[in-house]
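*Asks:* Based on the provided sequences and hints, a complete structural model is requested.
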Amino acid sequence: MRYVEEFRDPTKARALLKAIARSAETLGASRAAPIRIMEICGGHTHSIFRYGLDKLVHEGIEFIHGPGCPVCVLPRSRVDEAVALAERPGVIFTTFGDAMRVPGTSRSLLQAKAQGADVRTVYSPLDALELARRHPDREVIFFGLGFETTTPSTALSVQQAASEGLTNFSVFVNHITVPPPLKALLEDPHMLLDGFVGPGHVSMVIGTHPYDFIARDYGKPLVVAGFEPLDLLQSVLMVLKQIRDGRAEIENQYARVVPEHGNPVSLAAIEAVYEPRPSFEWRGLGEIDASGLRMREAFRAFDAEARFQVGYGAPQGRAQVPDPEGCACGQVMTGRMKPTACPQFGRGCTPDTPLGALMVSSEGACAAYWTYGGARVAAE
Amino acid sequence: MNAASKPSRLRDTHVTLSHGGGGRAMRDLIEEVFTDVFRPEGDEDQARLTDAALATPGARLAFTTDSFVVTPLEFPGGDIGKLAVCGTVNDLAVGGARPLWLSAAFIIEEGTEIALLRRIVASMAREAEAAGVRIVTGDTKVVGRGSGDGVFITTSGVGVIPAGRDLGAARIREGDVALVNGVLGDHGATILAARGDLALSTPLESDCQSLTHLMEAVLAAAPGTRAARDATRGGLASTLNEMAEAAGVTVELDEAALPLRTEVKGLCEILGLDPLYLANEGTLVLFVPEAEAEAALAAMRAIPAGRDAAIVGRAGPRGAVPVTMRTAFGGQRIVDMLVGEQLPRIC
Amino acid sequence: MCLGIPGQIIAISDPARQMGLAEISGVRREVSLAPVADRPLDRLVGEWVLIHVGFAMAVIDAAEAAATLEALRELGEAQEALDQMAEGDRALAASPAPAEGAA
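Residue numbers (this note's numbering), protein chains in the order written: chain A, 1 to 380; chain B, 1 to 347; chain C, 1 to 103.
Treat the hints with caution; some may be incorrect.
Said to hold, decoys possible - Here are the simulated distance ranges between beta carbons: (1) A:GLY116 x B:GLY144: 12 to 20 Å; (2) C:LEU82 x A:ARG36: 25 to 33 Å; (3) B:GLU242 x C:ALA81: 23 to 31 Å; (4) C:ALA78 x A:ALA33: 53 to 61 Å; (5) A:GLN159 x C:SER13: 13 to 21 Å; (6) A:GLY246 x C:ALA86: 21 to 29 Å; (7) B:LEU10 x C:ARG39: 55 to 63 Å; (8) B:SER201 x C:ARG17: 52 to 60 Å; (9) B:GLY144 x A:HIS135: 19 to 27 Å; (10) B:SER18 x A:ASP323: 54 to 62 Å.
To be clear, the hints were calculated from the coordinates, so they are not data collected in a lab. Fair warning: this is a prediction, and the values are worked out from it, not measured in the lab. Glycine is no exception: its CB is placed at the ideal position from the N, C-alpha and C atoms.
*Replies:* Shown next as structure tokens:
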């Protein structure tokens, strides 16, 4: 596959690993005193484990897994609200597969489906739109998940629905933005990070400038990275070079896909359809100001929360739902705890019986540790 | 077939509840659509069967059953009928048995097109002939609309394991070599695409095929073969986990050696799936002693069902993690059992 | 987050809706070209794009991809040169191999 295989070349990887090791040595990094690099994006977490990069890089490099998994950061209450929407009579509830198994307070979407709700997995919001066209007598709701990468797809779909005059299509909006939680993490005095690997596909939409504050205000390097193993390793090396040179800059390793100023059409669509919510609840981080999006007044007809008066659209306000007892997803999600340090990891919480989303989503740090054996191979 | 030469008594184009009511409509459906095709010589039901192989000292009877549900009922490379024959034939074959007889029981949803039933039955008859088995008994039931998904089929199969043959996962030893007879995941990928709700089009076809002849060729070339399993639901990953656990060994796969079609890889990249967990319906995994690995490989490659055969891994000593994979990138990762069903993902 | 994969646009299927046919390793799917439709649609045929949830989110820059790979190739050569120097100096330094650390 073009643009994929070339970036998985083991020979080039060996050279990168050596260069990383040399840099780490020069910087005096060791297992006891590692250089801590946060990969913000869950897709990077997935790649790190899929290719075993955590075990291949020099022991002085520690990957801290960031909050960039849109399913993992959803609080349980949002899953409950999705289930409530899905169970309304006459509704076809459409979702990306990622959200199907995430546990709510009493059930997941998959369980709601088994109990009779019409829940369908789709690949694209365009497929939900197509269902709305084909079933004019049904309400088709799309579970709008994701960061800036995915937001344009629902914005463009809603614009398309508006232009076609579709009145039975709406989006349960859970779109969130990357910079606010990063700021929250950087403000946390317990987070000791030396640099960041930045999310490549978010950046293809928003460009590299929204991260400027990280270098300017917090003095940390950030390198926007692609998702193949060579992309990740090269980005780690670029972060190390910045540290060695005493620089803190926003650099772009993924220039083949990420333009400096992002994608103007996508940004315009987001701007036209969405506006920031005053605040949005994140699992493990609580309510963060201006970190989530909602539909603008002009598109309120397509906003499932307003239309069906649930969640932030409920007249009585939203119910807060605490995480299940013993679930440390919040701490793991924000990099304060390694998945294996969670008392429930592999005991009360496995992919078969997940307590929290981090064990469900393939991007969740816990599921990645479990699936690719970060924990179990190490334990041998 | 004989059915074609007789005037048809079936007036309906779709199955109704009266086709399951025990009266004339049911008799007409069963005779015209099923028994005339499966038993053109007009055998009686309640099969009384004889086979010389059964009388051979040391020979053992093999008996298996499986139910088949699939959406859509017809897909590129096969249909539920072909699946129902191949599935049961392969269960027998991978146990070392020569499949002889099948039963076929149908649960048909009211409203199913009779022309579709005829196609399914014709496909079963064709596949049974190719696999060298006879469909000797069967049953039909009709359920109301909404109580089924078109057609469900249960097939049971009887075969004979010749004297001296003893295949079983418990016989796998450290150092044994794991082989597959062909590309992985074609069936699962084909079905995903054929359902249509993901709007993906591929040139893929299901790998659905009988493995009787392939197994006989392998056992002739590599008589020390320890065990074989068809890697159906849960894919190669789940099958290997079961075998490794039964044998008390570990298995290490070599990612670079896994035979995968470009399109299956592409579909997996698009939907975020792992081809190791995609179902196969004509792909088996074998363990043979190292000394016979090349012979087994050559025997498979010599016939169409084994054209893409490959050595994919090796059994190692008992360990905490049953199946791991040496990645093409040089790392090692766990290959666990499948949790639930694989769902397309965006992240 | 955000699974995205490269695919090639092989046809424009519905110009009014800005839809095109993309091919990814022999698998075809209709995708929205809206995010990259800031140029005439027919100029997109043959281009490689990054596809996410059914949308072509970016046109992949072939020159940038080649530049990245070239930089990696040069890095490989530089590492080899460093290795040779290190071999000469082996008496002086006993530097640990990178891959053995995190077993």
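*Asks:* Tell me if the beta carbons of LEU82 of chain C and ARG36 of chain A are separated by a distance inside 25 to 33 Å.
*Replies:* At roughly 26 Å between Cβ atoms, ARG36 of chain A and LEU82 of chain C fall inside 25 to 33 Å, so the hint holds.
*Asks:* Does the beta carbon distance between GLY144 of chain B and HIS135 of chain A stay inside 19 to 27 Å, or does it fall outside?
*Replies:* Holds, at about 24 Å.
*Asks:* Should the hint that SER18 of chain B and ASP323 of chain A are 54 to 62 Å apart at their CB atoms be regarded as holding?
*Replies:* Holds, since SER18 of chain B and ASP323 of chain A (Cβ atoms, about 57 Å apart) stay within the stated range.
*Asks:* Does the Cβ distance between GLU242 of chain B and ALA81 of chain C fall inside 23 to 31 Å?
*Replies:* 50 Å Cβ-Cβ, so the 23 to 31 Å window is violated.
*Asks:* Does the hinted range 53 to 61 Å hold for ALA78 of chain C and ALA33 of chain A at CB?
*Replies:* Violated, since ALA78 of chain C and ALA33 of chain A (Cβ atoms, about 27 Å apart) do not stay within the stated range.
*Asks:* Is it true that GLY116 of chain A and GLY144 of chain B lie within 12 to 20 Å of each other by Cβ?
*Replies:* holds (18 Å)
*Asks:* Do LEU10 of chain B and ARG39 of chain C keep their Cβ atoms within the hinted range of 55 to 63 Å?
*Replies:* holds (60 Å)
*Asks:* Measuring from beta carbon to beta carbon, are GLN159 of chain A and SER13 of chain C in 13 to 21 Å?
*Replies:* Cβ of GLN159 of chain A to Cβ of SER13 of chain C: about 19 Å, so the range 13 to 21 Å holds.
*Asks:* Quick one: are GLY246 of chain A and ALA86 of chain C within 21 to 29 Å, going by C-beta?
*Replies:* Cβ of GLY246 of chain A to Cβ of ALA86 of chain C: about 26 Å, so the range 21 to 29 Å holds.
*Asks:* Quick one: are SER201 of chain B and ARG17 of chain C within 52 to 60 Å, going by C-beta?
*Replies:* Cβ of SER201 of chain B to Cβ of ARG17 of chain C: about 18 Å, so the range 52 to 60 Å is violated.
Hint check: violations occur at hints 3, 4 and 8; the rest are consistent with the structure.
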